[in-house]
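Just so you know, the sequences run in chain order G and R.
Going by this note's numbering, the first sequence opens with residue 1, and the numbers climb by one from there.
Going by this note's numbering, the second sequence opens with residue 391, and the numbers climb by one from there.
No lab work stands behind these hints, which were simulated from the structure alone.
These figures come from a predicted structure and were not determined experimentally.
Hints may be right or wrong, so weigh each one.
[To be verified] Short, incomplete list of chain G residues facing chain R, as computed with Cβ under 10 Å:
hint: 1; residue: Pro266
hint: 2; residue: Phe370
hint: 3; residue: Asp374
[Said to hold, decoys possible] Cβ-Cβ distance ranges computed for the label pairs, FRET-style:
hint: 4; chain 1: G; residue 1: Gly71; chain 2: R; residue 2: Glu627; range: 46 to 54 Å
hint: 5; chain 1: R; residue 1: Pro611; chain 2: G; residue 2: Gly71; range: 35 to 43 Å
hint: 6; chain 1: G; residue 1: Arg179; chain 2: R; residue 2: Pro447; range: 18 to 26 Å
hint: 7; chain 1: G; residue 1: Arg252; chain 2: R; residue 2: Arg517; range: 54 to 62 Å
hint: 8; chain 1: R; residue 1: Glu596; chain 2: G; residue 2: Arg111; range: 56 to 64 Å
hint: 9; chain 1: G; residue 1: Pro326; chain 2: R; residue 2: Ala684; range: 52 to 60 Å
hint: 10; chain 1: G; residue 1: Asp377; chain 2: R; residue 2: Lys595; range: 27 to 35 Å
hint: 11; chain 1: G; residue 1: Pro326; chain 2: R; residue 2: Tyr678; range: 26 to 34 Å
hint: 12; chain 1: G; residue 1: Asn74; chain 2: R; residue 2: Ala594; range: 35 to 43 Å
Heads up, the beta-carbon is just placed ideally off N, CA and C, and yes, glycines get one too.
The primary structure of each chain is shown beneath.
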Amino acid sequence: MSPHPAPVASASLDQLLAAKEIVICCGSGGVGKTTTAAAAAAMAAVKHGGKVLVVTVDPARRLADALGLSGIGNTESQVPASAFAEAGVKPRGQLWAAMLDTKQSWDDLVRAHGPDQSTIDQILANPLYQNISGRFVQSHDYIAMERLYELHSEGSYDLIVVDTPPTRNAIDFLEAPQRMGDFFSSRLLRWLIAPYRSRLVNFASKPFYQVADRILGTQFLQDIAEFFILFQSMYDGFVERARSVSRLLQDRRTTFMVVSTLEASPLTEAEFFIEALTERKLHLGAVILNRVLPDYLLDEGASVVAGTMEKSAGDLAVQLGAKVGPPEQLERVLAEISSSFLNFQVVAQREAEQRAELSARPDVVATIPFFDTDITDLSGLLRLAEHIWS
Amino acid sequence: MTDLLERRLIFVSGKGGVGKTTVAAALGLLASQHGKRTLVCEVDPKGDLATSYECSPTGFTPREVQPGLWAMSMNTEESLREYLKLNLRIPVAGRIGPLAKAFDFVATAAPGVKEILTVGKLCWEVREGHYDLVVADASATGHIVGQLSAPQGINELVQVGLVRQQTGWMLDILSDPALTGLCIVATPEEMPVSETIDLAARVAKETTVDLASIIVNRVLPELFTTTEEEIFDRLCEPAVADRLEEMAGGSPGPILAAARLAVTMRRTRTGHLERLRAGIDPSVPLLYLPYLFARAHGLRAIRQVAEALGAELGL
């Protein structure tokens, strides 16, 4: 009886961390993406050496604590040697961590591409820009990929593991660079801001502006126009950049790791994502199934025993004797654990079915067992990683 | 506190993966079972609501999926078109293409626009009184604050214009605790609990919406009392387990291991529940829903959750 599901194809997963330069962790919310990304990075730093960076979008304090950092910021910080010492390992390389601060990253991007200081200042002060950079969900997707590109091209890390933002649609961030590029190069954009660039309003487009004015108000349209006119000065740099980011995602040094639990909804999203990767010819490195219930729950013999125990709990309690416990209470315990086993078995069977369906696709599927306790330190992260990369 | 189902508009949010859609679907079903004309709206249409109700895919036009229960999914472009038709009498039927493009553009440029069209549509259904209750399977913890505070945001961003004029009555509906409430769904796990506590604080600070309740989903049953656990420990002793094996005709090993797992899981979760209770304003009720082991999904599971929810609400 194995306490945990057997790890599958660990050799190729190991190769993944050794050979690739970028690992992008994706999956729906709540499946343990951040933790898996951190565990993968920690494992790579311990086993393969080099400089490993984990970029997270999750500002969870716990992850910072687990890595022995007081906090994780937009700039990378190194996980102290003491954290590894506490976990009882001597890493061959270094582990670094950074958090994705959307607003900060956008500001940096504007500073990098702005033609002059005054344009940069005007963009940073534009109310629309502040809105977009701070709250706009798609901007989050884009900036995550943009930041990845920047970190990768700096060339100071051997491996970068990225935790992706929780998108409404898992493939959104894959398309973010392309969309950002389209957005800023759109003809519609020029059309929209045209009347604000010159006093000559195209007669044909007039009804549209009238409607827009009535709905949104002239001031707001002017804000939009100002923003785009300013942004146009960065257009070339920006579009080129978006293309480079797209290329990087397709590069053979980049791989994707899909994380999911065996619940119906995250799994559907994971399957959808796997298809999206295939369609785009992006490299699917691994599928990690998290929080998988132990295999012993599937034991058929045990389910017969549980059935017997549940039915004849009273007799068994008497036979076992008062030394074990008072008959009535003992009966309840026996009945309770039997029905609990049968309950969990239903869930485990459902999971096994889902697993079987999924394993038809990639040859790299790894499972992480249901952990009894939460992960609070580096040794916990490494323990988790052991299950994937043992 | 106003009874949950007495309100007219309920937003259901929570961290991804905690069962937000299930709870929203169950809440809607429960209300309809108690004679309320109810509309459930999936705000981020992924099709989960249709799966829950086992009906064909939902669209912008509400459809009756159970007696007294309507389901729809949000589509901000359609919402804009409806708004234009009703309020401005702008004929847009034949000009869908350009409108869609322009709309996409403005909505992308001004983040509040999509949110206001979402919240606006929901508030409009409440104002028009088409339904007794509107349940929104709203955005996850990351975006819900942006949605709920959109009318205020638009007020700041758009100084004049028709959109601006519309935010007043929306704010009236959203800010009235007798009309509108937010339910946050959590599971007794670390991250969902942390996000719930953070979200509750942000909602209080950045929006005018009342936090109606926290719904704790997938609560595991308590397996043993303390004395029973001592008995269980004795059962696990090799000599006793061997005798049990003889009597029951097979190894009880997996059963004992599973019980141990259940106890540990339950214990870890109890800690998170305590943290949740301590981190939320004591006046906000916590409702508990059991973990569903049964091989139930779709409408059957929704019925079970609705029943548990009804019991928690004292219905």
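Okay, the hints, checked on the actual structure:
1. Pro266: With a minimum Cβ separation of about 6 Å from chain R (threshold 10 Å), the hint on G/Pro266 holds.
2. Phe370: Given a least distance of 7 Å, the restraint on G/Phe370 holds.
3. Asp374: Since chain R brings a Cβ to about 5 Å from G/Asp374, closer than 10 Å, the hint holds.
4. G/Gly71 to R/Glu627: 46 to 54 Å: Holds, at about 47 Å.
5. R/Pro611 to G/Gly71: 35 to 43 Å: holds, 38 Å
6. G/Arg179 to R/Pro447: 18 to 26 Å: holds, 25 Å
7. G/Arg252 to R/Arg517: 54 to 62 Å: This hint holds: roughly 56 Å between Cβ atoms.
8. R/Glu596 to G/Arg111: 56 to 64 Å: Hint violated: Cβ distance 28 Å, outside 56 to 64 Å.
9. G/Pro326 to R/Ala684: 52 to 60 Å: Distance hint for G/Pro326, R/Ala684 is violated at roughly 32 Å.
10. G/Asp377 to R/Lys595: 27 to 35 Å: At 32 Å between Cβs, range holds.
11. G/Pro326 to R/Tyr678: 26 to 34 Å: holds, 30 Å
12. G/Asn74 to R/Ala594: 35 to 43 Å: Once the Cβ atoms are compared, 27 Å apart, the range 35 to 43 Å for R/Ala594 and G/Asn74 is violated.
The structure does not agree with the numbered hints 8, 9 and 12 stated previously, though it agrees with the rest.
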